[in-house]
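Could you build the full structure based on these sequences and the hints that come with them?
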Amino acid sequence: MENSPVIEVKNAEYRYKLPDGGFVAALSGVSLSISAGEFVVICGHNGSGKSTLAKLMNGLLLPTNAEGEVLVKKMKTTDAAHTFDIRRSAGIVFQNPDNQMVATFVEDDLAFGPENLGVPREEIEERIDWALAAVGMSGHRKSTPFKMSGGQKQRIAIAAVLAMKPEILILDESTSMLDPKGRREVMNTLLNLNKSGITVILITHNMDEAFFASRAVILKDGQIKADAPPEDIFSDYNLLIENSLTLPAVPETARLLREKGLDVEPAVFFVEDLAEELCRLL
Amino acid sequence: MPIVIENLSYTYMKKTPYEKKALDGVTFTIEDGDTFGIIGATGSGKSTLIQHLNALIRVTEGKIVVNGMNLSEKKLDLKRLRSTVGMVFQYPEYQLFEETVEKDIAFGLKNIGVAEAEIADRVREAAELCGLDFEEVKSRSPFELSGGQMRRAAIAGVIAMRPEILVFDEPTAGLDPRGRAELLSLIRKLKDSCSKTIIMVSHNMDEIAAMCNRVAVLDEGRLAACDAPRKLFFDETMLSSLGLDVPTAVKLANLLKKRGVELRPAMTPPAFAEAFWEYYIEARR
Amino acid sequence: MNGISFGQYYPADSPIHHLDARIKIILSVVFIAAVFFVKSYFGYLVTLLFLASVIGMSRVPLSVVFKTVKAVLFLIIFTFVLNLFLIDEGRILWSLWIFDITDQAVHYAIMMALRLFLLITGTTLLTLTTTPMDLTDGIESLMSPLKIIKFPVHDVALIMSIALRFIPTLIEETNKIMNAQKARGASFDHGGLFKRAKALLPVLIPLFVSSIRRADELALAMDARCYNASPNRTRRKVLKIGGRDIAALFIAAAYFTLILLDRYFFLSAVDRLFFGLF
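Residue numbers (our numbering), protein chains in the order written: chain A, 1 to 282; chain B, 1 to 285; chain C, 1 to 278.
Note that these hints are calculated values from the structure, not bench results.
Treat the numbers as computed from the prediction; the structure is a model and nothing was measured.
Backbone N, C-alpha and C fix where the C-beta goes; we use that ideal spot for every residue, glycine too.
Don't take every hint at face value.
The following label-pair restraints were derived from C-beta to C-beta distances [as the list claims (entries may be wrong)]: (1) A:N192 with B:R80: 52 to 60 Å; (2) C:Y9 with A:N192: 32 to 40 Å; (3) C:V156 with B:T237: 53 to 61 Å.
When the alpha-carbon atoms are kept at most 20 Å apart in a straight line, the in silico DMTMM-like pairs for lysine to aspartate or glutamate are as follows [what the hints assert, rightly or not]: (4) A:K220 with B:E182; (5) C:K176 with B:E93; (6) B:K79 with B:E116; (7) A:K260 with B:E282; (8) A:K165 with A:E122; (9) C:K240 with A:E123; (10) B:K189 with B:E128; (11) B:K20 with C:E172.
Have a look at this one:
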């Protein structure tokens, strides 16, 4: 299997001017490499620069420093000739389920991307069917946003991006505005998509979602503070506190028990596993 | 005085093909000093219910009495009602509109007819209670503030009216863990100062478990249960059937129970840790 | 804010509903032009029959069609009365106080009122039988020759369809903002015109700000989906002209010809025969 990175961020910085003259560095000296088929979670508190990083990764934003570089499938995001190839390859889904839908009916919205790319009509129809099936929303061709829940709307947003047949899917806090049910729907969809070979990059402040990934990157104040498998991150409580993140309920319970002196495995995520552990102790 | 809700029903778009019964014979009472939670899946009627409390939706079937005011009365003193029952909606920062933060917080006070001389002080008081650096933000445009500050300014705009009853619809929506913790502690602070009775609508079971002394569970417009969290949250079957999450501590405890390990009831991770530790010590003896 | 019902799409399975949107737009234009050419009762009768048969074929209940007319009934009556009293030519039929009603005035008033009625009902039929989406597609297609002069046809059509898509969303948001302000003691139904307008600021400003934010986010999402990637944009939807559409065009052409003939050649021999007019 080819292991060349699909996304490479090299020493990227992103700063913007403040109204009163100063600069704010949303990101500084960030370097990251993501391989094909990975499921990466990028966690950080609000204001850590995670959204900026998401938009750098598909060229919607460009690094503000000369040495900074972002490569998507070996194409430079600064290279205007490749802009649309990059955006097609690395699709991005945003936070607000309402503000991504362009048309009244789902089938028209899903057609938007392929139409822009000049995909022939018959193929567009096939892609619509395929994308809807991939997110579990077959039969919703004629649905309108008014009748859909947040979770459904986000899945349609994912389908709309999938219609472009991207190899990479970036999700910029796409679960932040959803209720627990909607979040589950989206997370399951992402897992399935990753299993089918799509590289998934999930940006979130919700550590619960980190466990679905094979790799967790922690961002704080515009810099990468950690890049490791979720189990390692969960075991390092200080790391999380320093980066203004909290443990999900199960590892948190494990941690509290460890504090009392019990020998509980810190990197445990599923209730059943913790229950096993506790019974073992007794 | 308690809020008494009797047999409250509500149907949207009556006599049209889109008719929907949002509430069906809901009856319960919210006592003074409660931190009252309202939970239920999306579409269970939570929004419809709370909008009745300050007469945004008028009572059509049933009865509600708030602080002695009967909400079915035609000539209801809306200004008095809405300064008694303060309501903070989801993403309240979207309601900010004035030129300065100070003016926006004062909006409610002007509407209910508070004397000019009093307004400035109450605005300052509300802002500081909400954790805003009043001197720093008062003359700035609300749109210049950070997201967290905007939400606080919006909440200040509601509590400036000194409502005895404060209703929150998904107060922590869209916030990161730190933001959530800060907001919940703000709610506790508000309870200790001006608003003795708090009503919270939420999807987050852990939040409800941590904050509320009583909870009403709605299911498709009907009241499925109304009791203290510790009496309701241990019924895993009931909660799942209503499409609700079960607090982790409860799931853990139930799993251990199946293996013959019976712990003292606990709803939050710290409480569970304590309960397990106690059991562990006992078992070791 | 859910009283916007006049002229809104009424779903039904009818030949009119199935006609191509472009044909319907063209037919509406032809109809409007025809109504202005009509000058005789015969012409109006033909037009009324034509309209009645289209309404019948559309399977839209009369009550729904007339809902729109009811809304402007006042205007029709007003037009009628105004013309009745203001036209001076002709033989005086009645004298009421200082007003003289002449036979020409009666004739003219009826004609104008009929014209208004026909125009409104005719155009309403268009919106009743065609979804806003199809209308937009139809307009885009009819505008496409303008591409030659570099008129941004697709972009304009996209603007219209995005506006349509967001109307329900914006209505919902307006309600939410109004509720939030009402909860802070605001009132929207008291006071004179000026006061009420001022009272809308706490709703309009947040709505504008949020709409700008929406537009920003939507634009980003559109960029991310390669908007403007290629000058060779394809279209998924295909507007096909069928036999039914051709038939409709012929019938409309026949109707229009009849009206023209009546106006310029017969000038209603029928009218002269039956009403002694002209």
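The hints, checked one at a time:
no.	hint	in the structure
1	A:N192 with B:R80: 52 to 60 Å	holds, 54 Å
2	C:Y9 with A:N192: 32 to 40 Å	holds, 37 Å
3	C:V156 with B:T237: 53 to 61 Å	holds, 57 Å
4	A:K220 with B:E182	holds, 19 Å
5	C:K176 with B:E93	holds, 12 Å
6	B:K79 with B:E116	holds, 17 Å
7	A:K260 with B:E282	holds, 15 Å
8	A:K165 with A:E122	holds, 15 Å
9	C:K240 with A:E123	holds, 19 Å
10	B:K189 with B:E128	holds, 12 Å
11	B:K20 with C:E172	holds, 17 Å
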